[in-house]
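Student: So you can see what is in the structure, the chains are spelled out below.
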Amino acid sequence: MSKKLHVQTTINGKETELLCEARQSLLEVLRDDLRLTGAKEGCNNGNCGACNLMLDGRLVNSCLVMAPEIDGRKIETIEGMASAQGLHPLQQKFLEHAALQCGICTPGFILAAKAMLAKNPTPSEGDVRHWHAGNLCRCTGYDKIIRAVLDAAPACAGKCS
Amino acid sequence: MKNFSYYRPATVEQAVSLLENRFGNTELLGGGTDLHDLQKEYVSQPARVVSLGGIAQLQTVQVAEKSVTIGAGRTLASISEHPQLRQLFPALATAAGEIAGPQLRNMATLGGNLCQRNRCWYFRDEHSNCLLKSGSTCFALDGENKYHSVFTQGSRCVAVTPSTIGPVLIALGASVEVQNAAGKRLVEIGRFFKAPNANGEREHALASNDVVVAVQIPVQGLTNAHYEVRQKLSSDWPIVQAAVSFQGGRNGEKATDVKIVLGQVAPVPHVAQAAMRAIENQSITEQTAAAAGQAATQGAKPLSQNAYKLKLIEVAVKRALLLASGARPYWLA
Ligand SMILES: Cc1cc2nc3c(=O)[nH]c(=O)nc-3n(C[C@H](O)[C@H](O)[C@H](O)COP(=O)(O)OP(=O)(O)OC[C@H]3O[C@@H](n4cnc5c(N)ncnc54)[C@H](O)[C@@H]3O)c2cc1C
Ligand code: FES
Ligand code: FES
Numbered sequence: 001m002s003k004k005l006h007v008q009t010t011i012n013g014k015e016t017e018l019l020c021e022a023r024q025s026l027l028e029v030l031r032d033d034l035r036l037t038g039a040k041e042g043c044n045n046g047n048c049g050a051c052n053l054m055l056d057g058r059l060v061n062s063c064l065v066m067a068p069e070i071d072g073r074k075i076e077t078i079e080g081m082a083s084a085q086g087l088h089p090l091q092q093k094f095l096e097h098a099a100l101q102c103g104i105c106t107p108g109f110i111l112a113a114k115a116m117l118a119k120n121p122t123p124s125e126g127d128v129r130h131w132h133a134g135n136l137c138r139c140t141g142y143d144k145i146i147r148a149v150l151d152a153a154p155a156c157a158g159k160c161s
Numbered sequence: 001m002k003n004f005s006y007y008r009p010a011t012v013e014q015a016v017s018l019l020e021n022r023f024g025n026t027e028l029l030g031g032g033t034d035l036h037d038l039q040k041e042y043v044s045q046p047a048r049v050v051s052l053g054g055i056a057q058l059q060t061v062q063v064a065e066k067s068v069t070i071g072a073g074r075t076l077a078s079i080s081e082h083p084q085l086r087q088l089f090p091a092l093a094t095a096a097g098e099i100a101g102p103q104l105r106n107m108a109t110l111g112g113n114l115c116q117r118n119r120c121w122y123f124r125d126e127h128s129n130c131l132l133k134s135g136s137t138c139f140a141l142d143g144e145n146k147y148h149s150v151f152t153q154g155s156r157c158v159a160v161t162p163s164t165i166g167p168v169l170i171a172l173g174a175s176v177e178v179q180n181a182a183g184k185r186l187v188e189i190g191r192f193f194k195a196p197n198a199n200g201e202r203e204h205a206l207a208s209n210d211v212v213v214a215v216q217i218p219v220q221g222l223t224n225a226h227y228e229v230r231q232k233l234s235s236d237w238p239i240v241q242a243a244v245s246f247q248g249g250r251n252g253e254k255a256t257d258v259k260i261v262l263g264q265v266a267p268v269p270h271v272a273q274a275a276m277r278a279i280e281n282q283s284i285t286e287q288t289a290a291a292a293g294q295a296a297t298q299g300a301k302p303l304s305q306n307a308y309k310l311k312l313i314e315v316a317v318k319r320a321l322l323l324a325s326g327a328r329p330y331w332l333a
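These protein sequence lines are chains A and B, in that order. The letter at position 47 of the first sequence is residue 47 when you use this note's numbering, and the numbering goes up by one with no holes. The letter at position 17 of the second sequence is residue 17 when you use this note's numbering, and the numbering goes up by one with no holes.
Hints are computed from structural coordinates only; laboratory data are not their basis. Take the hints with a grain of salt, since some may be wrong.
What the hints assert, rightly or not - Now the stretches of chain A that chain B is said to cover, found in silico as 3 or more residues with beta-carbon under 8 Å:
1. 9-19
2. 131-137
Said to hold, decoys possible - In the DSSO-like style, the derived pairs of lysine-lysine whose C-alpha atoms are separated by at most 30 Å in a straight line are:
3. B/Lys40 with A/Lys4
4. A/Lys74 with B/Lys40
5. B/Lys146 with B/Lys194
6. A/Lys119 with B/Lys232
7. B/Lys146 with B/Lys133
8. B/Lys311 with B/Lys232
9. A/Lys74 with B/Lys2
10. B/Lys146 with B/Lys232
11. A/Lys4 with B/Lys2
12. B/Lys232 with A/Lys144
13. A/Lys3 with B/Lys2
14. A/Lys3 with B/Lys40
15. B/Lys133 with B/Lys194
Even for Gly, the Cβ is constructed at its ideal location relative to N, Cα and C.
If we strip away everything but chain B, and leave its shape as in the complex, we get:
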């Protein structure tokens, strides 16, 4: 692995001042669980690494009446175990708590999770010169694509969005606090993710000299839940994920303002509009939840090996809705 200069600023301002106006030569370091791996694989070869580990400001969690602010340096473990976050945002706490194993959750940070690179095996392979490196083709289009996108329209790269926190934050209406030399700004989480389509592009819409400082989540009394379909308990990403939120919707009450967001099925978190319409203003039962699940696959254009994901989308949406509504998870027997 290529060596680099290591910087450990004490403030966000100092960190910002060390960044450059293009990606690649200088990288921010959260827990390193993604970056260090990319470096070992020679996919990322920065000459400079700027650690965020010494910045105390990034570690805070503030729970106020109208919103909760979580510092970008908080680990996934600390988010999944935080009593108030668990109570207000069970979707977030469970999603964070289901990522990998405890040792990884102790290292991985919220900021790093949102900014992590995709896990397409062609992209992560040093020797495949895919579209996101200096090549001109996404090899997954005609290659091994069973874990890739099923909503593929408009994307030249069909890797799936890697963060399972992203879809949850979209369902919860969060915003991301971003800082650069010009100051701080809020980015609506729905605009945070972007499908990379060329070398030098990332899975998010931030610039290379932006630092994610925190995530703000409004406290609106939303019922929320998250469900992932996994092959096994750990280590691998889920195959399909659904995050849902709505007002009401418990004990037979009607659900309104419904949001349903899918992960692992498209290059960015996929807002399932048809599913949201299907369940809006309905009480949540096995039938209505199943109908929303079916609607969630609308518009999908699976690749050669991944049509199986459509069935899993139906299951994930149905179960996430039922979980949120307070129904007994019958699938756990």
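Next comes chain A alone, as it looks inside the complex:
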């Protein structure tokens, strides 16, 4: 029963092999084993979006993905968003708008925004609010986050796919 499972995956463009237990979530593997602590554990049950990341190009709650399910799949986390040229426009706009306080929810919001802008590059305020309904923030009151995402949209053209 304690036998570990071998998993091959690509994380932020890097091929990665790892051993996991069936009972681990993707979030646990990233944070505890790979030390990629960008994705956060908030609720651990699909309510808060702090653990958001991209799995095969789709936004998911990594706390509910069973680790063995990622075999052969592609993962993108907040750690892969900045490039040698600097921060991703979403990260930059979150800074400029002071769209974070404690920062726990921020990676999840940024990943969610990236996923939205890939589908809908010119969102209305209502679109942004509706899309981020599964992301909770206990500090900012949301308004600055919504402004940051709306402001980032033009700069993200072509950079959020």
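Got chain A; can you put chain B with the ligands on it based on the hints?
Tutor: Frame of chain A; chain B with the ligands shown alone:
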């Protein structure tokens, strides 16, 4: 959380062969959005988990002239965004698109949605030994029951049916394709859900060695819509939900073959017979829709904290009927 052996079959036959003749020791895995949470809470502690994620057959959507077949592995996001499904079954597409947030809809599958366990806080709490575990009482009967059933007759457990897709599929006259070792069979969706009343029972009527393969929906030109009353935009289930379908009923035309099905008000989706009779063969106006809404509460026996749901049933039915009829949703101002 207890560890388990993980299986990833490539066909439905292989998946079926891994199942057992009782629930509990082996669980199927769709997106895991319900199962993984239950495991973390020690409410479900399977020794074996059989993932359906590697079965390509479960991913198909076939739109034919007389019926549409949606694979059980399709995500709620892909259902809500599917252009033909949106056109034929707006009730289904909107219900799927209103569940939780986009990240959850990208994971949750149709099969998992129909087979998910209820969300009663006593049931989901590791430490409450309720009727559906090995206890002998439904704690919600005398406890905190504001989100529980209002149609409570005949049920020893008053948790509400969790799936908001279920009532819609009943309104649309769907069937569920189920496979076990003996082969495939079709289960009428009206017979799919069952109120669990004891340990080892589920919210559906399938056996532990059945796999939901697909959902078939007949294409009958039904006008259909779905409306949910929510406390907030996401995260929580609606408090009351109404799904409606009928022939005609638009632009003042009379509605016939009306079906009105409520969710979140009973242990199984509740077919509101009196409301259906009230609006059958009528044109849909604010008055007739409101009258159907009032009729929809007939027979309700609310618990100590949830009589407020009766008013919400009236509102949900009225608005779902008006939406389907093509009326402007005045409540969106
Ligand atoms: C924050 C939040 C809000 C939510 N709001 C809503 C809502 O408003 N309406 C709603 O309907 N749901 C809601 N849900 C629940 C969500 O829709 C379900 O968790 C999801 O649909 C389950 O699908 P899954 O594929 O992840 O199932 P899993 O967790 O993988 O499986 C659930 C159950 O179904 C069984 N199962 C899975 N696939 C099959 C199959 N093909 N055949 C037989 N058995 C199978 C599993 O063994 C397990 O017992 C919400 C969930 C969260 C976390
Ligand atoms: S930690 Fe995953 S949704 Fe909250
Ligand atoms: S900044 Fe603290 S939770 Fe959002």
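Student: Look at each hint and say if it fits the structure.
Tutor: Now for the hints, and whether the structure bears them out:
1. 9-19: The restraint on the stretch 9-19 of chain A is violated, since only 0 of its residues have a Cβ under 8 Å from chain B and three are required.
2. 131-137: With 6 residues closer than 8 Å to chain B, the stretch 131-137 of chain A meets the three-residue bar; holds.
3. B/Lys40 with A/Lys4: holds (19 Å)
4. A/Lys74 with B/Lys40: Measuring from Cα to Cα gives roughly 25 Å; hence the hint holds.
5. B/Lys146 with B/Lys194: holds (22 Å)
6. A/Lys119 with B/Lys232: holds (24 Å)
7. B/Lys146 with B/Lys133: holds (21 Å)
8. B/Lys311 with B/Lys232: Distance ~18 Å between B/Lys311 and B/Lys232 Cα, so the pair holds.
9. A/Lys74 with B/Lys2: holds (27 Å)
10. B/Lys146 with B/Lys232: holds (16 Å)
11. A/Lys4 with B/Lys2: holds (14 Å)
12. B/Lys232 with A/Lys144: holds (20 Å)
13. A/Lys3 with B/Lys2: The hint holds at about 13 Å.
14. A/Lys3 with B/Lys40: Holds. A/Lys3 to B/Lys40 sits at ~20 Å (cutoff 30 Å).
15. B/Lys133 with B/Lys194: holds (17 Å)
In the structure shown, a violation is registered for the earlier hint numbered 1 alone.
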